[in-house]
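Model the placement of chain C on the given structure of chain X, informed by the hints.
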Amino acid sequence: MTVPTPPTTRGALERREARLAWSLLLPTITIVSLVIILPLLAIFWISFKPVGLADLRPVAPVIRESLRERSGEMVIEYRVRNSSQQKEIVGLGFTDTLHDGVTPGALPEQCSVEGGALRCDFGDVEGGFNERIRIPVTLDGDLETLEAIVEGTEPSGYGVGDNILTNSEFTLENFARIFDGDEFWSVLWATVFYTVFGTIGALVVGLFAALLLNKSFRGKGVLRGLYLFPYVSPIIAVAFTWVTLLDPFSGSLNALLIQMGVVESPINFFGQRPLALIMVTVFEIWRYFPLSFLFILARMQSIDTDMYEAADMDGASPFQKFWYLSLPMLLGILSVLFLLRFIWTFNKFDDIFLLTGGNAGTRTLTVNVYEQAFAISNIGAGAAVAVVIFATLLLFSFFFFKYISQEEGL
Amino acid sequence: MSSLRQGAVTGAVIGLFWAFVIAVTVSVTLSFASGLGFRPGSLGCLILGLGGGMASIYLRDARLVMSGFILLCFVLMFTPLSPILFQENVPVLWQLMAVVSFGLFMIWPLTLMLVEAHPGPLTRHAFEDAVIRFLTGFGYIVFTAAVLIPFYVMVMTSLKSQQALLRNPLDFSIELSRGWDLFRSYTELFGQFNFGSYLWTSFYVSVLTVLITLLFSVPGAYAVARLRFKGRAAFSRSILLIYMVPMIVLALPIYITFSMTGLRNTIPGLLMIYPVTTIPVALYMLQGYFRGLPGEVEEAGLMDGLSRLQVIWKITLPLSLPAMVSVSLYVFMIAWNEFLLAFMLLDDPSKFTLTRGVAMLNSSEIPRQHLMAGAVIATIPIMALFLGLERFMTKGLTAGSVKG
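Chain order of the listed sequences is X and C.
Just so we're aligned, residue -18 is where the first sequence starts under our numbering, counting upward by one.
Just so we're aligned, residue 70 is where the second sequence starts under our numbering, counting upward by one.
Same shape as in the complex, but just chain X (with noise of 0.2 Å):
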């Protein structure tokens, strides 16, 4: 008698489930590379390019034409250029039909007629190139109508440029550039303070806004919607209106603290350090304590009362009950917002871009790739800075799935 197994190999229902699985997947799967893998694979790859924000300009030639009279004579004259001022452009040339009515003279030595229509060449050309091409020309008809369809008709130019971003010219001097001198340490204390001090600030203000609130009371909705507001609000909006109350010279946070006497003079909080990273990192709390509130009130809200009631019969105080019986309940979940907030605010550039631009020692990494790629100009050092990011993004995200595996179960 055979002992029944179960099948070693996978059966076509399986087969047929796991294929429609992929196939409800694939969608997603296009589009997350598309937009989000590719483009981390072109930061890697731009990162050791040279390129500046003019070179995203590719490379061509720019030719205009124009029918006009000169010395007496009519010609049509081509203006061609070389759109980069650096780069050569390899086999610049261009071609242009000849209309009815318009017949051609003398034609310069680099320009020759085939089949009705004109063709100029002028090999390789360096960067600057710049040429009047002037070309005889016998009208037969109005002179108005002609123009109108010698000057309708665009010329074709043609010619192959160098593209820095496809070109095999690399360099390590983004890297160098970022890594060079007291400019990269004051970006690194910057990040950590910020992110160090906000993601703390965040949970431990959460925690207290949802101890608060974690019993039953009139207003109750209410006060729960209200200090959600900083966090559901746009950015935008609530950055400005911190810089506008804050300000220095028509600030009221600054007239209020003048008229009760705390300071003499105005002061500038997003203008100064080391106030200004403090202050961003205050905003950074303001605006997040919500998210983290939310998180612990539920967590809060599902722990068993029964629990209470007995230490209550054992007579524990209520700062005793907080931290023998509530705070290791609320671990799990307050470890897990650490680590998810930790990562969050390491990426934040909005905030700290409204508040302070990143001036005053307030400049992150990540406010950095933009001071890099666009105050700056200079693309592939905006690159190497992201590269920075990402490597220790990987870092954290190790930790992260070797934590929250445990944690969560996932």
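Because the hints were derived from the structure by calculation, they are not lab data.
A hint or two may mislead.
Stated by the list, open to error - Quick look at which bits of chain C chain X covers, simulated, 3 or more residues with Cβ under 8 Å: (1) 310 to 320; (2) 348 to 359.
What the hints assert, rightly or not - Far from chain X, some chain C residues (derived; all Cβ distances over 12 Å): (3) L115; (4) P149; (5) P188; (6) T213.
All C-beta atoms, glycine included, are put in the ideal place defined by N, C-alpha and C.
Just chain C, lined up with the frame of chain X:
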């Protein structure tokens, strides 16, 4: 510690702290409301705080303590020992209001805080109870002020005129005499700055983002939640990993690609990117919900001859309507509030989204109240949505959490 646990000492210390908290609160509130000069008086707070605390401990008649205390505040108002000090230009009526509200908000909560305290040594329970009640009251004030003040300033600044703001930055009283002119910043924004069109752009970009996100994430979430295939666990983890990639890192290559292909300054370009930033989180939230649905209903559907896609459409989706609303709201909020990509990819003022339009107002040539009016316009729709559907919204915000 043990001397602090004497009823009288506990009462006095808590009374002292609470007096300062209330004096600052009343001063700040009235300053913001009227633009007049109020500030807490330290000496008055010291006396009234200690006295109020002791009185609540020793005199057990709450009504007597309260009326006596408010009367004392009123008397001290005319001396340098007033708990709130005033600048010369403050009218007597405002002074009266300040002092009486100080008295009321000081003594009434204080008697409640000290309800379990009594003269003599306190038990640990009674002591901590008083401290916790104090901290709770303090917490409510601090949190509410921290959240409300910026929004109050935002709305009120948008209603002021430039001169009034420069004259006294603290004065947020509404000049009702201006009539409809109060809303001048708003009419100028909609009239000259094209904010109507930005509002519309933001709206349809956000709605389309929600639709595209759902279109991609519902089938994906169903597959991860219900179907068995190799790499399912790895997949559901890497979804979260994608959520960890910072936008600024992606924005740079996207900017380069869009510049070269002419997709910059186009709304379709924006719509190619926005959903991708929200699909991972939507997928993660939905698969969590799908997993909680009873599988038997779907199996019954399969037995009755529905295909998997029909099961999703006819059974799973109707059952998960609340989750869909939550996810949609959350995605709408992300798309509506999105700033970085709109800022980098849009230069043409005719195609701005609302956030990009508000960013444009941040220039030294445009008055501050216009900027604040823009901020209000950007905030109101999302707030209205939030307040109207708060239940779904908070669920959406927490849905990412697996525990709790």
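Results for each hint:
A stretch counts as covered by a chain when three or more of its residues have a beta carbon under 8 Å from one of that chain; for the stretch 310 to 320 of chain C and chain X the count is 9, and the coverage holds. By the rule of at least three residues with a Cβ nearer than 8 Å to a Cβ of chain X, the coverage given for the stretch 348 to 359 of chain C holds, with 3 such residues. Listed as outside the interface, L115/C is consistent with that label: its C-beta sits roughly 16 Å from the nearest C-beta of chain X, beyond the 12 Å cut-off. Interface exclusion of P149/C from chain X stands, the closest Cβ pair being 15 Å apart, more than 12 Å.
In this structure P188/C is separated from chain X by more than 12 Å, as the shortest Cβ-Cβ distance comes to about 20 Å. Consistency note on T213/C: stated as away from chain X, yet its beta-carbon is not over 12 Å from all of that chain's, at 7 Å minimum.
In this structure, only the earlier hint numbered 6 is contradicted, and the remaining ones agree with it.
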